[in-house]
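In the order they appear, the protein sequences are chains H, R, G and Z.
Taking the numbering used here, the leading residue of the first sequence gets 491, the next gets one more, and so forth.
Taking the numbering used here, the leading residue of the second sequence gets 491, the next gets one more, and so forth.
Taking the numbering used here, the leading residue of the third sequence gets 491, the next gets one more, and so forth.
Taking the numbering used here, the leading residue of the fourth sequence gets 491, the next gets one more, and so forth.
Bear in mind the hints are in silico, worked out from the structure with no lab data behind them.
The beta carbon of each residue, even a glycine, is placed where N, CA and C say it ideally should be.
Don't take each hint at face value.
[Unchecked claim] Now the in silico label distances, taken between C-beta atoms and shown as ranges:
id, chain 1, residue 1, chain 2, residue 2, range
1, R, 494, G, 723, 37 to 47 Å
2, H, 799, Z, 527, 26 to 36 Å
3, G, 644, Z, 776, 37 to 47 Å
4, G, 644, H, 642, 21 to 31 Å
5, R, 679, G, 723, 19 to 29 Å
6, G, 607, Z, 520, 24 to 34 Å
7, G, 799, H, 788, 56 to 66 Å
8, H, 728, Z, 493, 33 to 43 Å
9, H, 527, R, 567, 36 to 46 Å
10, Z, 679, H, 680, 37 to 47 Å
11, G, 643, Z, 749, 51 to 61 Å
12, Z, 648, H, 799, 50 to 60 Å
13, G, 799, Z, 776, 54 to 64 Å
14, G, 643, R, 644, 45 to 55 Å
There are 4 protein chains.
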Amino acid sequence: MTVRPFSQPLEGIIPPLATPLLDRDTLDVPGLERLVERAINGGVAGLFVLGTTGEGPHLSYRLRRELITHACRFARQRVPVLVGVTDTSVVELLGVSRHAAEVGAQGLVLAPPYYLFVGQPEFQEYLSRVVPELPLPVFLYNFPALTKVVYEMDTVKRMLDQPNVAGMKDSSGNMTYFHRLVAAAKPRPDWTLVIGPEELLEDAIFAGGHGGVNGGANLFPELYVALHRAAKAGDHARVRLLKSVVMDVSENIYHVGRHESSIIKGIKCGLRCLGVCDDFMTEPFNRFREPERTRVAQLVERIQDRLKTVL
Amino acid sequence: MTVRPFSQPLEGIIPPLATPLLDRDTLDVPGLERLVERAINGGVAGLFVLGTTGEGPHLSYRLRRELITHACRFARQRVPVLVGVTDTSVVELLGVSRHAAEVGAQGLVLAPPYYLFVGQPEFQEYLSRVVPELPLPVFLYNFPALTKVVYEMDTVKRMLDQPNVAGMKDSSGNMTYFHRLVAAAKPRPDWTLVIGPEELLEDAIFAGGHGGVNGGANLFPELYVALHRAAKAGDHARVRLLKSVVMDVSENIYHVGRHESSIIKGIKCGLRCLGVCDDFMTEPFNRFREPERTRVAQLVERIQDRLKTVL
Amino acid sequence: MTVRPFSQPLEGIIPPLATPLLDRDTLDVPGLERLVERAINGGVAGLFVLGTTGEGPHLSYRLRRELITHACRFARQRVPVLVGVTDTSVVELLGVSRHAAEVGAQGLVLAPPYYLFVGQPEFQEYLSRVVPELPLPVFLYNFPALTKVVYEMDTVKRMLDQPNVAGMKDSSGNMTYFHRLVAAAKPRPDWTLVIGPEELLEDAIFAGGHGGVNGGANLFPELYVALHRAAKAGDHARVRLLKSVVMDVSENIYHVGRHESSIIKGIKCGLRCLGVCDDFMTEPFNRFREPERTRVAQLVERIQDRLKTVL
Amino acid sequence: MTVRPFSQPLEGIIPPLATPLLDRDTLDVPGLERLVERAINGGVAGLFVLGTTGEGPHLSYRLRRELITHACRFARQRVPVLVGVTDTSVVELLGVSRHAAEVGAQGLVLAPPYYLFVGQPEFQEYLSRVVPELPLPVFLYNFPALTKVVYEMDTVKRMLDQPNVAGMKDSSGNMTYFHRLVAAAKPRPDWTLVIGPEELLEDAIFAGGHGGVNGGANLFPELYVALHRAAKAGDHARVRLLKSVVMDVSENIYHVGRHESSIIKGIKCGLRCLGVCDDFMTEPFNRFREPERTRVAQLVERIQDRLKTVL
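Next up, chain H with everything else stripped away, as it sits in the complex (with noise of 0.2 Å):
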């Protein structure tokens, strides 16, 4: 499939959305269509499903594959579509990885695989091998809480030979690593640079980054899209009124659970409270019940009522 080349690097936030779910195995198809929607009417500059806050390795390859096509038709080239492959086995990565270029995404993006241990060299190595396979511009993903392994700096260094790696996606939440990061990327002034924690975003941009993939924008891209420009334009004092919602959003609905999934069970709960989609939730995890449910209600109701003083 013929795709428009995208702008590099692509500047602004790519929400990782949510995977809407009806069950187990059954992809929520209007759902995602609202949540595309919702996602490119709020500005956002690219898409990037399967990740972590998509319960991308929680899908069976079936319904990845499935949710990549319908994507990528929703979005209808208006922004790109990045397509989380990462996975334990090459084949199976490979697999997806061609299935995405087939029916129109535009970016692949890779963490190591997660879960043996892999040395440094090991996994330069594994790059080495794996990325020239690979059929799209690829985004490294940094996130070594979830996969034990980090992108070192010198490996950085190394794929800035690759012509078809395009960037990287840092959720280290290390924001020195983020400024080693720009530091070393200079050579290629076409790679994309974005952070994952949304409480990291304007820090990210006046470091010289691009960009966010913050699980927030699922439920409201305005304000991240928002704050975003503020912090291009250098304008501190929007800044601070913005990001002080971005932090009720982060210390509110991310904190309903007690436990870490509460981050991705908030996003999916409150797109639910939106009448986006429906909160079901794949194994291992479970929809909130109903008194957390009410909480998040809330908790979205009075976000939305803030967003109207300062969007």
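Please arrange chains R, G and Z on chain H, whose structure you already have, making use of the hints.
Okay, now just chains R, G and Z, sitting in the frame of chain H:
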């Protein structure tokens, strides 16, 4: 397929079989047959395929199914075949499990889903939903260093009530955990309690455990079988003698490479030195190069010499 | 002061004595005397003061010196007194060590300095400079969970050449480490190899170790002494019987509180229940409150009842 | 001693002073005077002695007191002197604190006691008992990588009510934590919020923080002072220029050695290259040897050249 039930608890050595490969997605079928024969002739009590040593999570699902089929065929019900089905995706997990049941495997081995962090109550819910759907007896697999999630004692105790849970393989390396496990499992004398790290095999037997799932038993099944028997018999002098050879394997063959993968690389390389199968490894790993291979060959020969005097 | 040399290796139980306190900086001297008598009457092989259980790093240096003096006086050379001297400051470490030598202690226990991370080559240099300055035999103390630095096997092997290093106390909880230690220490048959976690006492003896530095021996010295003897004798039936009581202490008395400090709190509270000494704890900890105290009292009584039947 | 109160919040750079030493227990007094003058002439807002960079926990208590006395004497109240008093022993902590108050220090810096794990409720109790006993304003010091205990947000919020708590130094390296801290500290506009890692200095200022406690300010105080000012002024172009020099220091001078100690070794070695003081380090560390020293000298010279063009 009708299979002979295995006696419970399962006592002895259950090698976590390496997966002989010709390339990334091609099984070395004759190599697998030789490996299975070597183990059964060595006196093992069962076979465990698609574990960590078997590069399970790194193989395609197609190859995983093919491997299960052949392993069951080669085992000819002389010993039970246990299949590692741990997966981040429950749909894939169930598919592999059903295949295993259809082709004559006799047990499933289940570690926690290993991408996102799962809180213990969430994990308990996961188990209570998934375990009853599994078509074969289930061995819990505790390996928190790789999965980030531990089977806490409270979770183990809840599993005592699940009739199709048949025991646990503990690879935590934490003998205090194993002692607690033995105490907790008292109400289920049919439970099989086996230990992963071969350096702890006799400790586990002395503690009341039933055996080991030890990688080195791919190479020298008789050694581990003999150590198991000596420990069962309380023959401390013989335990000390055999243990010194086990430590020789562990301190030397497993330390040829620099990375944590040197254990599974050393085993696979040793199998090649012994003429059992090729040493090809799929991504993210790579077989040893010539200097390491020469070193492993020397070590394997030395261990074989020592075995002549102690067995 | 002239002290009788102790036979090496030191075989048996060496309780890490709790430090009886009346307040933040006042030693409960009669309580200490009762504690020492209880341990020696219980058949211990030595006394270890100012360890983790003894709140060593939390006491003033003045009180540490006072405690060493009294402990040596009360021990009356019936068993050797070993003194924990681990310190972030080498000047203070040497001061306490000299005091210990002057008042008749017979050994020093040395863990890595525990504030900044120290690389292993740096740690080896540290040991090679500091150990020769120490005026008494030194027992290395491996407790990486608290010190962040491990005595790697290579470092242990270098210490074999230091004549005044007398062995190691391993509190890593890692039995594989202990097996490697036993193998590495072969050239020094005089080295004492003892284990910290009481849940691993018989494992350590079976592995070729000499004893345990077990917190529970403050409360019930006879129990641990009996378990040590049974393991030495290879009497597995008796080991299993006594071990079940050790696990009862460990699973219950050490789990009354919610935090990791519940072990040392439980021991100190149990000593009060037994009438040995007050349960005051210095900062950063606090003794148990009434509900926990009542629970500990019940548990101590139950264990005492069980001991009547097994000892 | 009467000291001039300092304005709160304290804005600017507060270097964590290295401790110039002639040997293990001898202060390099003239070196300290030069170091203090260099910092004050460079425009710093305060001095922090006995921190991590100052090898605080590795010094004898006698030397710590001597250092505090001299530092206050040399500072002559031109800027406040803050003293690291973190200790595993509360009695020693109080002794050093009282000495600091007597000789004219103006603040104390308090991290959690760093040997045993302390649960957060236990830590809160500790703080509520110890902080009111401290004779000077207290800056909380968050450095969980070294102390194992974090100042959780709930604990920070409780400290807002303690009148003699004056702020926090955050060395967690976690900017999300810092953003949460700024939000939580809103009710105390007098609180000083400063960041440890110099790579995050401008992020902290943009986030609403007041300054940095940056090790590199021992070497080049003007650089960090200038970066602080540029960030305060929202001058992004100048921030980027100065930041590139800060990253040069961080990526190069701090990476001459192999171990984590290379930061404090690099700083101390750099001070010698600059003629400020000797580079002797007390145990467990050791100064750089000749090849590393030559390398540091080159790097220091290069940075000095760059500073001529940017300052």
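List, from low to high, the hint numbers that the structure doesn't satisfy. 2, 3, 9, 11, 12, 14
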